[in-house]
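**Q** Chain by chain, the residues run as shown.
There are 4 protein chains.
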Amino acid sequence: MSGDKTTSNRMPVNELPPSTGYSRLLTKRQLAEMAFSVRDLSKYLGTLKIKMRVRKILVITKIWDKATILYTNELVDWLLSDYTVYVQDILKEDESFNEEQLLVKHKSGRDKLKYWNFDLCEEHPQMFDLVITLGGDGTVLYASRLFQRIVPPVLSFNLGSLGFLTKFDFTNHEKIVRSLVDEGAIVSLRMRFECTIMKSTERIDDKSNSNPRHLGSEILDIVESDVTHEPDKTFSILNEVVVDRGPKGTMCMAELYVDDEHLTTVEADGVVIATPTGSTAYSLSAGGSLVHPDIQGMLVSPICAHSLSFRPLIVPDNAVLRVGVPYGARSSVWCSFDGKDRTELNQGDYVTISASRFPFPMVQSKRLGSDWFDSLRMTLNWNQRQQQKAYTNA
Amino acid sequence: MSGDKTTSNRMPVNELPPSTGYSRLLTKRQLAEMAFSVRDLSKYLGTLKIKMRVRKILVITKIWDKATILYTNELVDWLLSDYTVYVQDILKEDESFNEEQLLVKHKSGRDKLKYWNFDLCEEHPQMFDLVITLGGDGTVLYASRLFQRIVPPVLSFNLGSLGFLTKFDFTNHEKIVRSLVDEGAIVSLRMRFECTIMKSTERIDDKSNSNPRHLGSEILDIVESDVTHEPDKTFSILNEVVVDRGPKGTMCMAELYVDDEHLTTVEADGVVIATPTGSTAYSLSAGGSLVHPDIQGMLVSPICAHSLSFRPLIVPDNAVLRVGVPYGARSSVWCSFDGKDRTELNQGDYVTISASRFPFPMVQSKRLGSDWFDSLRMTLNWNQRQQQKAYTNA
Amino acid sequence: MSGDKTTSNRMPVNELPPSTGYSRLLTKRQLAEMAFSVRDLSKYLGTLKIKMRVRKILVITKIWDKATILYTNELVDWLLSDYTVYVQDILKEDESFNEEQLLVKHKSGRDKLKYWNFDLCEEHPQMFDLVITLGGDGTVLYASRLFQRIVPPVLSFNLGSLGFLTKFDFTNHEKIVRSLVDEGAIVSLRMRFECTIMKSTERIDDKSNSNPRHLGSEILDIVESDVTHEPDKTFSILNEVVVDRGPKGTMCMAELYVDDEHLTTVEADGVVIATPTGSTAYSLSAGGSLVHPDIQGMLVSPICAHSLSFRPLIVPDNAVLRVGVPYGARSSVWCSFDGKDRTELNQGDYVTISASRFPFPMVQSKRLGSDWFDSLRMTLNWNQRQQQKAYTNA
Amino acid sequence: MSGDKTTSNRMPVNELPPSTGYSRLLTKRQLAEMAFSVRDLSKYLGTLKIKMRVRKILVITKIWDKATILYTNELVDWLLSDYTVYVQDILKEDESFNEEQLLVKHKSGRDKLKYWNFDLCEEHPQMFDLVITLGGDGTVLYASRLFQRIVPPVLSFNLGSLGFLTKFDFTNHEKIVRSLVDEGAIVSLRMRFECTIMKSTERIDDKSNSNPRHLGSEILDIVESDVTHEPDKTFSILNEVVVDRGPKGTMCMAELYVDDEHLTTVEADGVVIATPTGSTAYSLSAGGSLVHPDIQGMLVSPICAHSLSFRPLIVPDNAVLRVGVPYGARSSVWCSFDGKDRTELNQGDYVTISASRFPFPMVQSKRLGSDWFDSLRMTLNWNQRQQQKAYTNA
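Protein chains in written order, with my numbering: chain W, 473 to 866; chain R, 473 to 866; chain V, 473 to 866; chain S, 473 to 866.
Watch out, some of these pointers could steer you wrong.
Where chains are identical, the list cannot tell them apart; a pair therefore holds if satisfied intra-copy or between any two copies.
[Stated by the list, open to error] Straight-line distance between alpha carbons at most 25 Å, and here's what the computed PhoX-like set of lysine-lysine pairs gives: (1) K534 with K720; (2) K671 with K720; (3) K705 with K720; (4) K720 with K812; (5) K564 with K538.
Simulated from the structure, these hints should not be mistaken for laboratory data.
All chains should be built: construct the whole structure from the sequences, respecting the hints.
**A** Below, the structure written as structure tokens:
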């Protein structure tokens, strides 16, 4: 399975094609071009081995959890001997983190302990050679939020509770970091989705009922001159985007488009659109399959669908999905992006979802390929059973 | 979605790389090489447009169903004006097919009505320019059985009951065939699986208990000199291979390997391993997702799993799956290939499943890409509801 | 099982009204008095035939839907010849309802057209001999909301869209009403749940951390002197109560108690607790079974459970369920009652759910017993398939 | 509802034994006589406390498992001091059971060690005061097979692997048996199903096609004079009856009748019809809900249904279900009863399933009611999670 995965024909992370602008999906022409570049991207996805020169390490931790911060102190203390370390600015004043003790201990390298904030990560993602997260899968998702475009390789430690995204046991962190620097890292490039909220623009004749607007026509009938929507916020997500009914107790009603086709009307609590990486998270709870990260697909799973025939489905990752609220809908819907950034879609608004040009490089714990199957076995406790006790009556 | 699908860089169907021998998986080295060629194969999968020069057409029909044979007579009658037509040999004597009437009507071209049998299809698949099936999805699966290696393009007519594999309405058959010949056909190359049954070979020391055999070791520990299994029958399947408990009322217990790893012990009624094409058939009943045919995956879904955590999963199609019966198992299991060729696996036997080098070219009914979504909408009756009747009381 | 089961307004077990024999031909009075000790209620649930003397009919309709109001006018017009009819007060001014036309037509019985409001229904439920609903299942749920305690028999017409609760076709309304009055009605007494929100009362020492409160202890350890919660609103529901995460994108975390035991922590989007009548609604979407209304059970189904082993379960209807928010929870949860009356449960609050003493009498369309199976067959379109068209080529 | 409900050996409704009060402290005789009209049986089902006078104990063990037999020796050794013990006759010669050692040790009570066989249990079920099973849930099902009509109270020990039916830990067997004898036992009367295979009888005119037989008419249209079927074998089952496709790879097609109605055509791998006790076994794997044993229902769950709308359903336990093979069916189906007694149903045959008059009395491990919830929590490992390790770095 692995012979075809030679690294030589892969572009190193640093030579990724230059971004073509943060804001996208403005015109349908740009959309088509983006789809093409995504198809090329897929050649780079998968698992590869990279050599790393590590000088600057950014650390992400659970800043609200005292125990985790104590571990963070322990980690930073060890890292400072060799690396420049960036921790979140809020920890500067944190008692458990104890900057003072660290500075006393590392007198000669006082300037190697630095602090990051959201802006620094957004503006200079290239300056970090490695990101280390400490905690559960949530900290990994946080890393993805922090680096919405280019992402440094991410090494994720768990603190005893193995997750699908946190394979490394913190107990061995010294050995693991050393091995990674000395021998190189196996990195799995995980597909992310780029999600852009498209707000319906007001028309002069909106008030008149003479020509009611129709979402499907506005999305599918290409008329360049007619600007019907404007892009609002954009999110890169690693696990899933969820469109749901929000605070209301009623059903979510939304239209789902795949490329230039109307696929179905979602009548359900909501719909989960997940990456293969996200197939072990919310998507699984909604009834979706467990999908290997090398599969180039987008997982669409309804949440409590009204119709028994609306089953989870998987479409190729070069598709562009759109989920929108009809102009005549009774109520709005809400979007979540990796469980955060809750946003309302009003009548006429929609969200586009497509493969992102900026994948998420996760450091893997094992040889090429088998890491995901290990997680399956361990996290889901397959075939775990209590065994009949042996007869020990002497 | 479609721009990347240029035909120019695709190898025409007739220039497919030469087969490297029917029997495979003999050694693990060959296995590795095969996996590589399959990876290349995937570049050819997908939907493409081909020009066709049609002279010889093979017709497949439901030979046990009188009504369908009457339609077959109608079809052949029309085809004989322009093409050489092969029908199944058993129809030569069939009253409803009425060869005599056809020969009377097509006096000048008596030698254009010919008969096929299983051997002819197996030995000379290249001689047919087109296969036409008449009936349900079963007739399409039959075409796949008939052409276990190279498959001519297959055009499938339904007789009123739309299926996932039978998109064309027979009512329009004249127009459809003409358009296909004149304008070319859109063909979807569907992945098939090649399944080989590996029978455990007897060892001289089998009778002694001193060194009991272990299936996992024999599959995973590569010792070239030690022949433990010999290939038996091989099947190319279009929908799915099912391993189940067979006639017994007890649970199926089998070991599932992915490449060189033991993934899990299947404790269930059985397990379905389906292609994306098969995702709308048995796999769906077992809880699997609906998977677009362009997705390069193998769908593994347990049937009534004993453990709630054994959920349907999807692995890349360059994996080699093996399902086997442990040497110490209480009972054997049974395999089906596209619902046929029921075969017993005894203790120590296993079946290998991997992507086939011989895809199945299905003529599509519409523009690139959207055919599958049409089927979804129509066959599953999404969102079908009775509507409140309008107030018509005058 | 808690104190709320022995409240003074419940009839003691020994003072149950005498059973009126197996056929249970009840009078309206007996039906109205049907407010029993819950443990004995179940003897009266099921399907029974009653004789009715109908003089006053209350009509419920979709007041926001013009077409339905036109049908309502038609119905009321016909009813006014023989009965006193109550329609919702808001229709008095509605153009489509057209009171004026009705009054002109029924001059002699002008005082027979009356209007109801919420208060009238709450205070004098006994004054109505029959409730007629016009619309979908929603209008039937509305009838249940209107009559939270004693409910008159409810006859439900659909307008072309058959529902599980609306069996009668409006086209035949004259014949149906006449038959019901002349021959008696088959009534299915449907179990409802009584849901009471229990608000955590503030303690003087709440602010101090010295003795943190624990929901489980407060619910399960009965100490009469220590008032920890006070009842807030109470709802009788016909379909289901849903506890969910409300407006947040995060998981719902709630504790579920059955009688005096902690059953599980609900880590999910939410949990549906449904009556058998509700088993064909939301509960079905959440994966619950279809449960015959004569089954005396409470259906507990998680919505997108975090754990694959939390499967839908059914407990006896003499259990008292409680769903609450732990004192230390990160966030609140929300309750819906038959999809309405959205209410927040804060830390320490819980909702109790138990069988209601006030069942919901639905007029059935057929002989005893088979009505529900008819609905199954028709609404779910079992085994519906397109048939192959017959060979009609002459 | 069919003729088999009024067989002469059933007690008429009016002659029911008088209820012995709410606490229902039954004598062994009362328990043994518990063979009621089905309609009234339900009043006696549930959990009750009984006083027991124990002299003769029947022991069931896994006779093919050496370790379990060693435990059996240990148990019997202890029981012989006080009771007459019956073990399976095959153990008389078993080395591990070691009769000789037992007889040497219990010289004075040599005649207290006795052996049972199938016939003894069938003919004299009343002679045993208690049944003790040693092993997994399978041994409990075996007890049910052994006692197809009257069943003595069954106490079930597990050997380390907790099951839904085996609550007691063998480690504490001395204490448990003593407490049961001294203080009485809490017994849960579990509903069983009585399943009778009805074979289609040959008709004189079978060969002619002039009047083809129709299963539905023969089942539903009661014409006393026309004998169409004759009862074959009858089974009492504790968990479930399964009707499936048997050895074939094709779909099972069977007709399902509820009382005097045709409910649906089962197009699936098969259908599970389970008791509430069986809801945690096969039925759960097929997607059925977990149902408390006090619920008076029959669980019908398709296995891999062809249609997405055929969902698990629950009907009242006073229904009579029939599953049959249409006369025109392509193939037969197979039945299993608690996983055993595999039986073929040919064209025209059917199996009837209804509540049995002979419930299965299981000794419970705890106070009334909560035992089942304990099993849920423990066996399904609800909410089991690895916890983040506490920070222990000194």
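**Q** If any of the earlier hints don't hold here, list their numbers in rising order.
**A** none
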